[in-house]
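**Student:** Keeping their order, the protein sequence lines are chains D and Z. So that you can map any letter, position 64 of the first sequence is 49 in the working numbering, and since no number is skipped, the others follow by simple counting. With positions in the second sequence counted from 1, the corresponding number in the working numbering is that position plus 11.
Note that these hints are calculated values from the structure, not bench results. Worth double-checking, as some hints may not be accurate.
What the hints assert, rightly or not - Residues of chain Z clear of chain D, computed beta-carbon distances all greater than 10 Å:
#: 1; residue: V24
#: 2; residue: S29
#: 3; residue: N31
#: 4; residue: T33
#: 5; residue: G65
#: 6; residue: R72
#: 7; residue: S74
#: 8; residue: T79
#: 9; residue: Y83
#: 10; residue: D95
#: 11; residue: Q120
#: 12; residue: I122
To be verified - EDC-like, lysine to aspartate or glutamate: derived pairs with alpha carbons at most 20 Å apart:
#: 13; chain 1: Z; residue 1: K118; chain 2: Z; residue 2: E26
#: 14; chain 1: Z; residue 1: K118; chain 2: Z; residue 2: E50
#: 15; chain 1: Z; residue 1: K89; chain 2: Z; residue 2: E67
#: 16; chain 1: Z; residue 1: K69; chain 2: Z; residue 2: D95
#: 17; chain 1: Z; residue 1: K118; chain 2: D; residue 2: D95
#: 18; chain 1: Z; residue 1: K118; chain 2: Z; residue 2: D95
#: 19; chain 1: Z; residue 1: K70; chain 2: Z; residue 2: D95
#: 20; chain 1: Z; residue 1: K110; chain 2: Z; residue 2: E16
#: 21; chain 1: Z; residue 1: K110; chain 2: D; residue 2: E60
#: 22; chain 1: Z; residue 1: K80; chain 2: Z; residue 2: D66
#: 23; chain 1: Z; residue 1: K110; chain 2: D; residue 2: E37
#: 24; chain 1: Z; residue 1: K53; chain 2: D; residue 2: D95
Unchecked claim - Here are the computed distance ranges between Cβ atoms for each label pair:
#: 25; chain 1: Z; residue 1: G27; chain 2: D; residue 2: S7; range: 37 to 47 Å
#: 26; chain 1: Z; residue 1: S39; chain 2: D; residue 2: G25; range: 19 to 29 Å
#: 27; chain 1: Z; residue 1: G71; chain 2: D; residue 2: N88; range: 16 to 26 Å
#: 28; chain 1: Z; residue 1: E67; chain 2: D; residue 2: Q29; range: 21 to 31 Å
#: 29; chain 1: D; residue 1: G69; chain 2: Z; residue 2: Q20; range: 17 to 27 Å
#: 30; chain 1: Z; residue 1: K53; chain 2: D; residue 2: G69; range: 21 to 31 Å
#: 31; chain 1: Z; residue 1: G65; chain 2: D; residue 2: S12; range: 29 to 39 Å
#: 32; chain 1: D; residue 1: R0; chain 2: Z; residue 2: D28; range: 40 to 50 Å
Using N, Cα and C, we set each Cβ at its ideal position, and we do this for glycine too.
The lines below spell out each chain.
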Amino acid sequence: KAGVTQTPRYLIKTRGQQVTLSCSPISGHRSVSWYQQTPGQGLQFLFEYFSETQRNKGNFPGRFSGRQFSNSRSEMNVSTLELGDSALYLCASSPGPTETYSNQPQHFGDGTRLSIL
Amino acid sequence: ILNVEQSPQSLHVQEGDSTNFTCSFPSSNFYALHWYRWETAKSPEALFVMTLNGDEKKKGRISATLNTKEGYSYLYIKGSQPEDSATYLCALNSGGYQKVTFGTGTKLQVIP
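With the rest of the complex left out, here is chain D (with noise of 0.2 Å):
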């Protein structure tokens, strides 16, 4: 079965633009979330969406923004880019809200690398 897959893999941006990640799960997984690594700190959490709807934020600036669609891909949006922003961006999907959600391990994408000049 095909595995989490983000595109573009390569992105590069200047400051001010914007910018649109895509991340389709493991087919049958409805639960999506995305991180943020920058070099010296962990993977950061941004969001996770299942049913459509942001189930949980992490401590990320409104420029920070995603959605998923009924069939369980996601999109996240950054706009108004700054240098800061220039990481690599993860999505992760498992299968979905259960009586052992807490317990699922999360599938990982490869990531998004996007740089800002």
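Given chain D, work out where chain Z should sit, using these hints.
**Tutor:** Chain Z alone, transformed into the frame defined by chain D:
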């Protein structure tokens, strides 16, 4: 903001050595603890999910233990091999759903 700490930050061991590292977390905010292995140029891969105090999990030469009362988990690698070289991440699920807090990882380099 929850503080999940991993130590050491990095580690170099000789092939064949056994090693271990630590993940510390606030014991009052515990639903589950996950361990991941992240090899260079790949995506993080799940190793273990641990939920109960005293849990011990094993996969080949890698094992993990959990103490939720004191807020720590250990990951052990027996007889390290070069292919074990990776960053090992722990992640605390503190509120159900999938809102997890990752540690900054332990980077392991196994020298042949």
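**Student:** Hint by hint, work out which the structure violates, then give me just those numbers in ascending order.
**Tutor:** Failing hints: none at all.
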